[in-house]
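Chemist: Same order as they appear, the protein sequences are chains A and B. So that you can map any letter, position 145 of the first sequence is 145 in this note's numbering, and since no number is skipped, the others follow by simple counting. Count along the second sequence starting at 1, add 1000, and that's the number in this note's numbering.
Hints were generated in silico from the structure; no laboratory data involved. Ideal placement from N, C-alpha and C gives every residue a C-beta, glycine not left out. Do not take every clue at face value.
Unchecked claim - Derived SDA-like pairs: lysine to any residue, alpha-carbon spacing no greater than 25 Å straight-line:
1. B:K1034 x A:G206
2. B:K1008 x B:E1048
3. B:K1034 x A:A234
Said to hold, decoys possible - Listing some non-contacts, in silico: residues in chain A with all C-beta distances to chain B over 12 Å:
4. V28
5. I93
6. G114
Said to hold, decoys possible - Listed below are several chain B residues computed to face chain A (Cβ distance under 10 Å; list not exhaustive):
7. P1023
8. V1024
9. T1033
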Amino acid sequence: MAFTHGSTTSGVYYHTQDLTAYADTWSVDLTGNADEVTTFASAGNSREFIRGINTGGGTVSGYYDAAADQALFDSISDSTVDAFTLIPDAQAIGARTYGGAGLDTSFSPSGSVGGVNAWSLDVQGTGFGGGVLLNIETALTTTGGNASVDSLASSANGGIAVFHFITDDVTTMTCAIQDSPNDSTWANLDEQTFTTVDSVATIVTGTIDQYLRFNVTVFTGTSAVVLASFIRFA
Amino acid sequence: MAGKAGKKYKIVKDGAYWKGDEPVEVGATVTLTKREAEKLLHRGIIEET
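Only chain A is shown next, with the shape it has when bound in the complex (with noise of 0.2 Å):
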C-alpha cells in the first residue's frame, strides 16, 4: 500500500491555466452507465442491465485571484472544449492523472466578511478518464523525446491526447504524443503545433501500443512549458 495525503496533490490544470497555486480542493466523478433491458423474459424476478455510455468530469476549488478568475471567468462563456488535468501525487513521468476534454459548466466565485475570498470551478467532461502524465510542467528549450512509460499492456479501444501549452515563449513547438509496441519504433497518436497558449484533448481511435512518451520534435523560441498526458479507454 501506499496512501497518499491531499496536501501531494501537484497539479491542478484548466485550459492554458494552471491553477495549482489557487486551490485547496478537488474531486473527480467517472460514472459507468448501466441502462435496463429487463423484459417480460428476464429471469430470476431480476432486473437486466447493460453497459451504458460512460461520463466524467471534475470539480476544483480555492482561493480567490484576480488573474485566475479573469482567465476562468472568460473561459466560462465560450464554447470552446478545453483540457482538464488533475495530478494527485507528485509530478513525474508515469504518475496517474485525471482529466481529458471538458466544458466548464460552472464558474463560482464567493467571498465573506468572516473569510478568504474562494471559487469553484465544474468540468462536464466530454471524454474523460485516469491516465498517465508523459511531460510535467518544467521549462523545455529544445527538441527530444521523454523518458517512456510501459502501461505492461496495449489497449484497443484508443484514448485521449492531453497537452497544456501554459507558456507562449516560443515561436513555434510542435510535439507529439507516440506509442510503441518495443520501446524502440514510435508512432505519432497526436501532434500539436503550439504559437500561443492552448489546450488540446484530442481523441484518438483504435490500437494504444503498451509504451508511450513525449516527444518535441520542432523548437525554436526560448523555453516552453507544456503539460501531457494520456488516458487509455478501457
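Chain A is fixed; fit chain B onto it per the hints.
Modeler: Just chain B, lined up with the frame of chain A:
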C-alpha cells in the same frame, strides 16, 4: 485495409514514425508485423508499397 505479416510499407506522413530519437523520412520503406502495420495504416502513417 489490413496489414500483411512481413511486408514492406512506405512512410507517407512526415515526422509520424520514429526509430528511437530519429524520424523516418517520408518515402522510406519499413518492414512491419501485421499488427503494427494495421495500427499505422489506421493512423495514415504508412501505405502499402
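Chemist: With reference to the structure, classify each hint as holding or not holding.
Modeler: Comparing the hints with the structure gives:
1. B:K1034 x A:G206: holds, 15 Å
2. B:K1008 x B:E1048: holds, 7 Å
3. B:K1034 x A:A234: holds, 23 Å
4. V28: holds, 29 Å
5. I93: Consistent with the label, A:I93 stays out of reach of chain B, its closest Cβ about 16 Å off (over 12 Å).
6. G114: holds, 57 Å
7. P1023: Hint on B:P1023: holds, closest Cβ of chain A at ~7 Å, below 10 Å.
8. V1024: holds, 8 Å
9. T1033: holds, 8 Å
Hint compliance for this structure: no hint is broken.
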